[in-house]
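The listed protein sequences correspond, in order, to chains P, U, C, A, X and R.
Using UniProt numbering, read the first sequence as starting at 1 and increasing by one per residue.
Using UniProt numbering, read the second sequence as starting at 1 and increasing by one per residue.
Using UniProt numbering, read the third sequence as starting at 1 and increasing by one per residue.
Using UniProt numbering, read the fourth sequence as starting at 1 and increasing by one per residue.
Using UniProt numbering, read the fifth sequence as starting at 1 and increasing by one per residue.
Using UniProt numbering, read the sixth sequence as starting at 1 and increasing by one per residue.
Because the hints were derived from the structure by calculation, they are not lab data.
Some hints could be false.
Straight-line distance between alpha carbons at most 25 Å, and here's what the computed SDA-like set of lysine to any residue pairs gives [unchecked claim]: (1) A:K35 to C:E30; (2) U:K68 to C:T39; (3) U:K68 to C:E57; (4) R:K68 to A:A15; (5) U:K35 to C:A20; (6) R:K68 to A:S60; (7) U:K68 to P:A15; (8) R:K68 to A:A20; (9) C:K35 to A:G56; (10) C:K35 to C:A20; (11) X:K68 to P:R65; (12) A:K68 to R:R63; (13) R:K35 to P:A48; (14) P:K68 to A:T39; (15) R:K35 to A:A20; (16) P:K68 to X:P37; (17) X:K68 to C:A20; (18) A:K68 to R:T39; (19) A:K35 to R:R63; (20) U:K35 to X:D50; (21) P:K68 to X:E30; (22) A:K35 to P:A15; (23) U:K35 to C:Q66; (24) C:K35 to U:N5; (25) U:K35 to A:S60; (26) C:K35 to X:L62; (27) A:K68 to R:K68; (28) C:K35 to U:L62.
FRET-style restraints, in silico, Cβ to Cβ [as the list claims (entries may be wrong)]: (29) X:G67 to R:N34: 33 to 41 Å; (30) C:A38 to A:N34: 42 to 50 Å; (31) P:K68 to X:Q17: 33 to 41 Å; (32) R:S27 to P:E11: 27 to 35 Å; (33) A:A20 to U:R64: 40 to 48 Å; (34) R:N34 to P:T14: 34 to 42 Å; (35) R:A38 to A:R64: 18 to 26 Å.
Beta carbons: idealized from backbone N, C-alpha and C, even for Gly.
Protein chains: 6
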Amino acid sequence: MPYVNIKITDEQVTAQQKQALIQGVTSLLERVLNKPPATTFVVIDEVATDNWGVGGETVSALRRRQGK
Amino acid sequence: MPYVNIKITDEQVTAQQKQALIQGVTSLLERVLNKPPATTFVVIDEVATDNWGVGGETVSALRRRQGK
Amino acid sequence: MPYVNIKITDEQVTAQQKQALIQGVTSLLERVLNKPPATTFVVIDEVATDNWGVGGETVSALRRRQGK
Amino acid sequence: MPYVNIKITDEQVTAQQKQALIQGVTSLLERVLNKPPATTFVVIDEVATDNWGVGGETVSALRRRQGK
Amino acid sequence: MPYVNIKITDEQVTAQQKQALIQGVTSLLERVLNKPPATTFVVIDEVATDNWGVGGETVSALRRRQGK
Amino acid sequence: MPYVNIKITDEQVTAQQKQALIQGVTSLLERVLNKPPATTFVVIDEVATDNWGVGGETVSALRRRQGK
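Excised from the complex, chain P in its bound form (with noise of 0.2 Å):
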């Protein structure tokens, strides 16, 4: 009975991409340690970029210099 937490940015990540997320982390839980896929909770998590800090500064601030 895994729980999995995916963090990631909040840039456009479709329902398609969250499915294969889900599928993706629960299969390879059954492949390695043989946890049965009806019990792997996974729970996706989007963090606006002004609330993701990295290096000491916002990804806002990140993705700005980037040119993005």
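Model the placement of chains U, C, A, X and R on the given structure of chain P, informed by the hints.
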């Protein structure tokens, strides 16, 4: 000074229900472990059904199959 | 399919008390939100008193001041 | 490569304040543990006051009693 | 710069299996969301079976009933 | 009433360093957001290097390559 995090799917949970969860968990920790309510924190996260996976699929997909 | 994480200080919590917390939280979610117990997960983290801070000091320091 | 998660109530925190938290935590980890800023992640979660409990009540209820 | 937390029960997981989980999750995030592996963090928590509850009982109790 | 979780690798962090982290984070939240120290919680998790992954490998493997 316990910290409790409750993650549930975001499916029309009312303010009254949240209050009941917070009250109930705080009382439980006082009853079982003698923890003072004043320093018990409870944080409820409501997770979009597209972002919660079980059995390798999203809860959105599960609800569609259940006709909900 | 709720997921609940309870963080408490590591101060001689017994297996019976852990069982009571798990049972109590699971019942609470069934009573308040009609969540089926079979898919409610509860994870208890016991945190060393050196690793838990409140009021800017560790709980270890707090307990020493309290004569515990 | 530290990972820091800061949970605060969602009460009009500005982008400048978030930046100050990210900068401050990253510097602290460099000063105390010599952790390189480039691989320090900070995630800030702003939690609705209906979803945060303390003393068995929601922060929304607490704020109303405080006349805020 | 994703952050992934995998919680599993503490039941003799080997270093090789942990490596396979870390490798697999990192590849998945690169494949699905184009996230650079260098800044993907994965943290595995192994939780004692007394501290994990499902269906209102501890996994320790569940394992005893399963004759494990 | 902020809650802060700091995850670092388990590499000989002293009680004095933990105290400095707790003190520093608590002061930061008071300075930036005017949060009262008495209700700021900080929890430090020390994660085994086998259980922390970055760049698709464990920190244990990374440290071996670095000759540490």
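Violations among the numbered hints, reported as their numbers in ascending order: 1, 3, 4, 6, 8, 11, 12, 22, 27, 29
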